[in-house]
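Could you put together the complete structure from these sequences and hints?
Here are the chains, one letter per residue:
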Amino acid sequence: AQSVTQLGSHVSVSEGALVLLRCNYSSSVPPYLFWYVQYPNQGLQLLLKYTSAATLVKGINGFEAEFKKSETSFHLTKPSAHMSDAAEYFCAVSDPGAQKLVFGQGTRLTINP
Amino acid sequence: DAEITQSPRHKITETGRQVTLACHQTWNHNNMFWYRQDLGHGLRLIHYSYGVHDTNKGEVSDGYSVSRSNTEDLPLTLESAASSQTSVYFCASSDRPGQTVWGTGELFFGEGSRLTVL
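Taken in sequence, the protein lines are chains B and P.
Numbers 517 to 629, taken from the numbering used here, label the letters of the first sequence in order.
Numbers 756 to 873, taken from the numbering used here, label the letters of the second sequence in order.
Hints listed in this document are in silico derivations from the structure and should not be mistaken for laboratory results.
Misleading hints may appear alongside valid ones.
[As the list claims (entries may be wrong)] Examples of chain P residues lying across from chain B (beta carbon under 8 angstroms, computed):
| hint | residue |
| --- | --- |
| 1 | Pro763 |
| 2 | Phe864 |
| 3 | Gly865 |
[What the hints assert, rightly or not] Result set (SDA-like, lysine to any residue): computed pairs, CA atoms no more than 20 angstroms apart in a straight line:
| hint | chain 1 | residue 1 | chain 2 | residue 2 |
| --- | --- | --- | --- | --- |
| 4 | B | Lys574 | B | Pro556 |
| 5 | B | Lys585 | B | Arg538 |
| 6 | B | Lys574 | P | Glu861 |
| 7 | P | Lys766 | P | Ser839 |
| 8 | B | Lys616 | P | Asp809 |
| 9 | B | Lys565 | B | Gly578 |
| 10 | B | Lys616 | P | Ser816 |
| 11 | P | Lys766 | P | His779 |
| 12 | P | Lys812 | B | Ser519 |
| 13 | P | Lys812 | B | Ala517 |
| 14 | B | Lys616 | P | Arg799 |
| 15 | P | Lys766 | P | Asp809 |
| 16 | B | Lys574 | B | Ser544 |
| 17 | B | Lys616 | P | Glu827 |
Beta carbons are placed, not taken as given, at the ideal position from N, Cα and C, and that holds for glycine.
In structure tokens, the structure reads:
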């Protein structure tokens with residue numbers, strides 16, 4: 517069965533600092549991997565996705581993630597945090613044949629001025 | 756533009772009442788899903804459907820039911836609402852992976868329905 521572990525339910529960084537949100541997955545087949553962002557009182561929207569093409573994936577708002585098969589990781593990074601990045605971030609994995617995503621518990625990102 | 760809409764966005768009800776949350780998508784997606792979101796639990800899958808007349812139980816399906824009579828709609832019914840069902844509910848849809856060039860199973864979410872059961 518697939519699973520996702522997001523390390524750290526709450527991450528706090530200063531404005532302008534590096535953002536690193538960790539995600540490790542478990543899957544018996546080459547997975548599809550996703551990062552979603554949820555702003556307060558809104559639904560989730562796709563930030564970026566890995567679907568077996570380039571291992572470094574660039575998303576919206578300056579975020580990127582690197583698929584590392586050897587580490588079963590798909591960590592999300594952004595070089596310089598902005599106040600508008602404050603949100604909840606979810607990592608998700610799917611078996612390409614399963615048509616169903618499995619979500620991590622989420623990481624709340626706080627940006628300090 | 757294609758979209759996915761949920762209604763009502765906010766609802767307060769009493770224990771024991773039947774409640775139905777609507778979800779309508781105009782993406783023409785085959786797959787539709789209902790999740791609930793609670794602090795400390797992230798997103799948990801309630802029910803899902805891979806097409807008309809198809810429904811499946813997720814990890815937290817007790818007390819909930821769905822039916823899929825057309826492609827666009829997947830209403831979620833709470834047969835007898837309980838306080839433990841106070842939550843924010845999200846509907847989502849996706850295309851079948853591989854069905855289209857860009858179909859990767861990516862989920863498109865509604866804005867959510869906040870349900871309070873008193």
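Hints not upheld, ascending by number: 1, 4, 15 and 16
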